[in-house]
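Engineer: The primary structure of each chain is shown beneath.
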Amino acid sequence: MVRARDVLGVAILLALAILLFGIEPGRAATEAGVLSPGVEAAINGTDTGDTMTVIVELEGEADLGSIEATNQNILQREVIQELQAETEAASEQIEPFLDAREATGEVERVIPLWISTSLAVTATPGVIEDLATRPGVASIAPNKTIPEPATLTSSATTAPEANLDLIRAPGLWGLGYTGRDTVIASMDTGVDAGHPDLSAQWRGGTNSWFDPNNEHPAVPTDSSGHGTQVMGAMVGRDAGGTAIGVAPDAQWISAKIFDDRGFATTVGIHRSFQWLLDPDGTPATPDAPDVVNASWALPDPGCDLEFQDDLRALLAVNILPVFAAGNYGPDPNTSVSPANYPEALAVGAADNSDTIYQDGSRGPSDCGEDPNTFPEIVAPGVDIRTTDLFGTYTAATGTSMSAPHAAGVLAPTSRCGPTSPPPNSAAPW
Amino acid sequence: MRPNLTAAEQRSALVGSAVDLGQEGPDNDYGFGRIDALAAYDSITNQPPPDTTPPSIDIVTPADGVTYSRGQAVNASYSCQDEAGGSGLASCQGTVTDGSAIDTATPGSKTFTVMATDNSGNEASVTSTYTVDECTTRGTLAGETLTGTAGDDVICGGGGGGDTIKGLGGNDILKGQGGADKLLGGTGQDLLDGGSGVDTASYSTSLTAITASLATNSATGEGSDAFVGIENLLGSPRADTLTGSDTDNTLTGGDGNDTEQGGAGPDTILGGGGADELFGGGGNDTVNSRDGINGNDSLAGGPGTDTRVTDAREKSIVGFP
Chain A
0 MVRARDVLGV AILLALAILL FGIEPGRAAT EAGVLSPGVE AAINGTDTGD
50 TMTVIVELEG EADLGSIEAT NQNILQREVI QELQAETEAA SEQIEPFLDA
100 REATGEVERV IPLWISTSLA VTATPGVIED LATRPGVASI APNKTIPEPA
150 TLTSSATTAP EANLDLIRAP GLWGLGYTGR DTVIASMDTG VDAGHPDLSA
200 QWRGGTNSWF DPNNEHPAVP TDSSGHGTQV MGAMVGRDAG GTAIGVAPDA
250 QWISAKIFDD RGFATTVGIH RSFQWLLDPD GTPATPDAPD VVNASWALPD
300 PGCDLEFQDD LRALLAVNIL PVFAAGNYGP DPNTSVSPAN YPEALAVGAA
350 DNSDTIYQDG SRGPSDCGED PNTFPEIVAP GVDIRTTDLF GTYTAATGTS
400 MSAPHAAGVL APTSRCGPTS PPPNSAAPW
Chain B
0 MRPNLTAAEQ RSALVGSAVD LGQEGPDNDY GFGRIDALAA YDSITNQPPP
50 DTTPPSIDIV TPADGVTYSR GQAVNASYSC QDEAGGSGLA SCQGTVTDGS
100 AIDTATPGSK TFTVMATDNS GNEASVTSTY TVDECTTRGT LAGETLTGTA
150 GDDVICGGGG GGDTIKGLGG NDILKGQGGA DKLLGGTGQD LLDGGSGVDT
200 ASYSTSLTAI TASLATNSAT GEGSDAFVGI ENLLGSPRAD TLTGSDTDNT
250 LTGGDGNDTE QGGAGPDTIL GGGGADELFG GGGNDTVNSR DGINGNDSLA
300 GGPGTDTRVT DAREKSIVGF P
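Going down the list, the protein sequences come from chains A and B.
For the first sequence, numbering that gives the first Met the number 0 gives the first residue as 0, with consecutive numbering after it.
For the second sequence, numbering that gives the first Met the number 0 gives the first residue as 0, with consecutive numbering after it.
Hints in this document: simulated from the structure, not taken from any laboratory.
A couple of the hints might just be wrong.
Simulated DEER-style distance windows between Cβ atoms [said to hold, decoys possible]:
{"#": "1", "chain 1": "B", "residue 1": "Gly64", "chain 2": "A", "residue 2": "Thr69", "range": "41 to 47 Å"}
{"#": "2", "chain 1": "B", "residue 1": "Gly24", "chain 2": "A", "residue 2": "Gly64", "range": "30 to 36 Å"}
{"#": "3", "chain 1": "B", "residue 1": "Asp63", "chain 2": "A", "residue 2": "Pro363", "range": "55 to 61 Å"}
{"#": "4", "chain 1": "B", "residue 1": "Asp19", "chain 2": "A", "residue 2": "Asp237", "range": "28 to 34 Å"}
{"#": "5", "chain 1": "A", "residue 1": "Gln80", "chain 2": "B", "residue 2": "Ala100", "range": "54 to 60 Å"}
{"#": "6", "chain 1": "A", "residue 1": "Gly64", "chain 2": "B", "residue 2": "Ser124", "range": "29 to 35 Å"}
{"#": "7", "chain 1": "A", "residue 1": "Gln80", "chain 2": "B", "residue 2": "Ser124", "range": "38 to 44 Å"}
{"#": "8", "chain 1": "A", "residue 1": "Asn70", "chain 2": "B", "residue 2": "Gly24", "range": "35 to 41 Å"}
{"#": "9", "chain 1": "B", "residue 1": "Ser11", "chain 2": "A", "residue 2": "Pro331", "range": "24 to 30 Å"}
The model shown is predicted, which means the values in this text are computed figures rather than measured ones.
Note that beta-carbon positions come from the ideal geometry of N, C-alpha and C, so glycine has one too.
Generate coordinates for the entire structure from the input sequences, incorporating the hints supplied.
Structural biologist: Structure below.
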């Protein structure tokens, strides 16, 4: 087992590697060698008998572009099956080797990350080095550690609902679009499912909560508050006396990518994206959410395409990944990944008077695309009244709070179209 | 139950309806602006219904059913239009580009097709069928004179009415078509086709004597000609031999010592100048030898009740009442 101190140590080594070489772990590895510098550093820091976790990126890419489906349910199933089949085929070459080393105890665990044609492998340094020489392995990237976004809360009280009035959410409710029959997912620190403004909208069952860190496998939990604040802005109701959520009738599910100490890993995030596509592990049942909100970013501004395959898979099933633009402003060129991928909807923040939030990340960005403006859009993100731990309320600030406004608008609007019958109270649409 | 909108449509609904902030247009602080839930909804629901109507196509030239002369310069003229409120015209392409020359190089039935698509992928296609006739020159008026070239021509009278068509040199085809036409093949091997009406094969400009027969529908002397639908013959100023058919013919010898032989029909035989030998043949013919010179012509009426018009004295007159 890897002790906590060791994890931090790896993180520090990785940070040094990024500074020293000025390259991104993972993607750059394919040019510099199969083993990324981050992994080499981690190998050197791991005892030969200990195990470490890496992401083995396989050669091969799922062909999502050619999938044609007559409806959304079939599309979801076919995208998932194509991703899974591609990863299974791509891992055939190294499977006998992994099986043999699993028998000797040198391989502790192998988790398919079919969303990005990769495997999360927990094994000894010797096995990792051996893997790097094997055909079918494109690159080996470290399982990086990502700290949760800082939560800025204040006691400032703004007029209730000012943020919702500004974006004219009540007008949408008046038309019947309150998010009913839609599902919003968050990737965050968890959700306090006991909050009176949130408890009724949890979708429930065994396919509505995912904890890749396995600290709270069954019941939605949040030990930080960040995830509860974000969820409140999306689906919060009015138990506190004022309406706080953009889509108060939407159901929610959540992947708790950050553990109770506030750290996420790249493997855990890949697994969470994968869970979002197929929460019950059965491709034929269409239980993916309508909208995904991601109020998190990699630790430093810049471009790291680690999760690009994951976002592409979401887009392939018509889920627009909504990302907080990041809080690395006000300087130009402070965009951060994954928000700055072309696949993401990057949401910056402004206050309720439409004045830009000083610390929001600014563009332009050329991450995975030609230089483009960044962020893509802004939403209220300063002193947003929302749910907090223990059934309380707080005023939260940052692009983490603006992104859920966009996700909350998408939930009902993603369901309407020129041919949709207008919703009414008698007939759910 | 899943979204009706694709991810791209969701993105454009949010981004396209945002309230522009900061500097005009997208910028690196506010992007496309601040989100507006109601405007996003409006931008989706106010989209026009799907366009299922194909564009309309108007072909001005070539109009359906028209006939052009071979080699005639005709430029295509057509236009396409998507319906009001439609998704807009995406393409409009004819057999040739609008304003370019259409195919009139060879005779026959031709088609000209214009295809149009709109931005929703609806397709339309309209075809005009036109005919290129074999005429290299085509008349448009009644009673005009059409003149060919020294080469091979196909000249059509067109337009109705009696036309005068001159083939000049070359192996020509002269088509009188409607009306009482006068066809002058000129030199070369010509085909003289009178069409409807009472038409005349004329050798009035021939420099050589002619032997022409409406019984065999052929003539030699000024080249070698064939006749179709010719009722009358007009000889050259030389000593011609003109022969009628079994129908009603007018044979006109003109100057020169001509021999003219009517067929079974009621013919009119005109000797003209010179010492002519005129035979009415069967039928009630009119034989006219009057040329102001006494005693030079011979007339024979033949069977039937014939009429003669002569000078005061002729060389020989037989077979008249």
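Engineer: Next step is simple, just say for each hint if it's right about the structure.
Structural biologist: Hint-by-hint comparison with the structure:
{"no.": "1", "hint": "B:Gly64 with A:Thr69: 41 to 47 Å", "in the structure": "45 Å, holds"}
{"no.": "2", "hint": "B:Gly24 with A:Gly64: 30 to 36 Å", "in the structure": "31 Å, holds"}
{"no.": "3", "hint": "B:Asp63 with A:Pro363: 55 to 61 Å", "in the structure": "57 Å, holds"}
{"no.": "4", "hint": "B:Asp19 with A:Asp237: 28 to 34 Å", "in the structure": "31 Å, holds"}
{"no.": "5", "hint": "A:Gln80 with B:Ala100: 54 to 60 Å", "in the structure": "56 Å, holds"}
{"no.": "6", "hint": "A:Gly64 with B:Ser124: 29 to 35 Å", "in the structure": "31 Å, holds"}
{"no.": "7", "hint": "A:Gln80 with B:Ser124: 38 to 44 Å", "in the structure": "40 Å, holds"}
{"no.": "8", "hint": "A:Asn70 with B:Gly24: 35 to 41 Å", "in the structure": "37 Å, holds"}
{"no.": "9", "hint": "B:Ser11 with A:Pro331: 24 to 30 Å", "in the structure": "26 Å, holds"}
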